[in-house]
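Residue numbers (our numbering), protein chains in the order written: chain A, 1 to 93; chain B, 1 to 93.
No lab work stands behind these hints, which were simulated from the structure alone. A few of these clues could be false.
No copy labels: a pair is met if it fits in one copy or bridges any two.
Claimed, not checked - Calculated pairs, BS3-like style, for lysine-lysine (alpha carbon to alpha carbon, straight line, at most 25 Å):
| # | residue 1 | residue 2 |
| --- | --- | --- |
| 1 | Lys80 | Lys17 |
| 2 | Lys81 | Lys17 |
| 3 | Lys11 | Lys72 |
| 4 | Lys22 | Lys72 |
| 5 | Lys11 | Lys22 |
There are 2 protein chains.
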Amino acid sequence: MPDLMIDHREKAHALLKADADKILRLIEVQIENLTMPQCPVYEDVLDTQMYGLSREIDFAVRLELISEIEGKALLENLEKKLNILHEASQNTL
Amino acid sequence: MPDLMIDHREKAHALLKADADKILRLIEVQIENLTMPQCPVYEDVLDTQMYGLSREIDFAVRLELISEIEGKALLENLEKKLNILHEASQNTL
Numbered sequence: 001m002p003d004l005m006i007d008h009r010e011k012a013h014a015l016l017k018a019d020a021d022k023i024l025r026l027i028e029v030q031i032e033n034l035t036m037p038q039c040p041v042y043e044d045v046l047d048t049q050m051y052g053l054s055r056e057i058d059f060a061v062r063l064e065l066i067s068e069i070e071g072k073a074l075l076e077n078l079e080k081k082l083n084i085l086h087e088a089s090q091n092t093l
Numbered sequence: 001m002p003d004l005m006i007d008h009r010e011k012a013h014a015l016l017k018a019d020a021d022k023i024l025r026l027i028e029v030q031i032e033n034l035t036m037p038q039c040p041v042y043e044d045v046l047d048t049q050m051y052g053l054s055r056e057i058d059f060a061v062r063l064e065l066i067s068e069i070e071g072k073a074l075l076e077n078l079e080k081k082l083n084i085l086h087e088a089s090q091n092t093l
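Just chain A, same shape as in the assembly:
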């Protein structure tokens, strides 16, 4: 496999991972500052960001830079972490 080809794959993985982490941090900050995840603004921001990430993942899958399974795992992993954050914030109310 040519080096540059591997580079695209690795870069795609790194970018998607970084974008998922960015959503996680964004939601962490929102929870810390609003302390109300039931706020509609919170839901809107999260929905928009998750949609954006899912479009990036779908694009990477269609380009065969990541597999469908990897893409699904990335989203599910992020959702799991967001649920943990959300539950933790509910318990401190």
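Keeping the supplied structure of chain A fixed, place chain B upon it in accordance with the hints.
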């Protein structure tokens, strides 16, 4: 440049072009069937689709599969076509 590398670039261009065309067709169908582009549903669908495409383009730029200028041109070209569609539909009301 390795063949597979060129293939990623070409495929990225083809996918983004196809996605832009899909938005255009979607809006054409919406205009034909609703004959009211000022409808909030129309605006929502368009906003969501444009945001999704812009995220794909941004991702392709970061992967260096397309240049920033090409990405911008693709979005602007689509916006121009959508404006023409929109104006044409207004004139037939």
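Hints versus structure:
Taking the closest pair of Cα atoms, Lys80 and Lys17 come within 25 Å of each other only inside a single copy of the chain (15 Å); across copies the shortest separation is 34 Å, beyond that limit. Taking identical chains as interchangeable, the C-alpha atoms of Lys81 and Lys17 lie at most 25 Å apart only when both belong to the same chain, with a minimum of 13 Å there against 34 Å between chains. Taking CA atoms no more than 25 Å apart as the test, Lys11 paired with Lys72 passes in both settings, with 18 Å inside one copy and 22 Å between copies. Taking the shortest Cα distances, Lys22 and Lys72 sit within 25 Å of each other both inside one copy (18 Å) and across copies (24 Å).
Only within a single protomer do Lys11 and Lys22 lie at most 25 Å apart by alpha-carbon distance; the minimum there is 16 Å, versus 27 Å between protomers.
Of the numbered hints given earlier, the model fails none.
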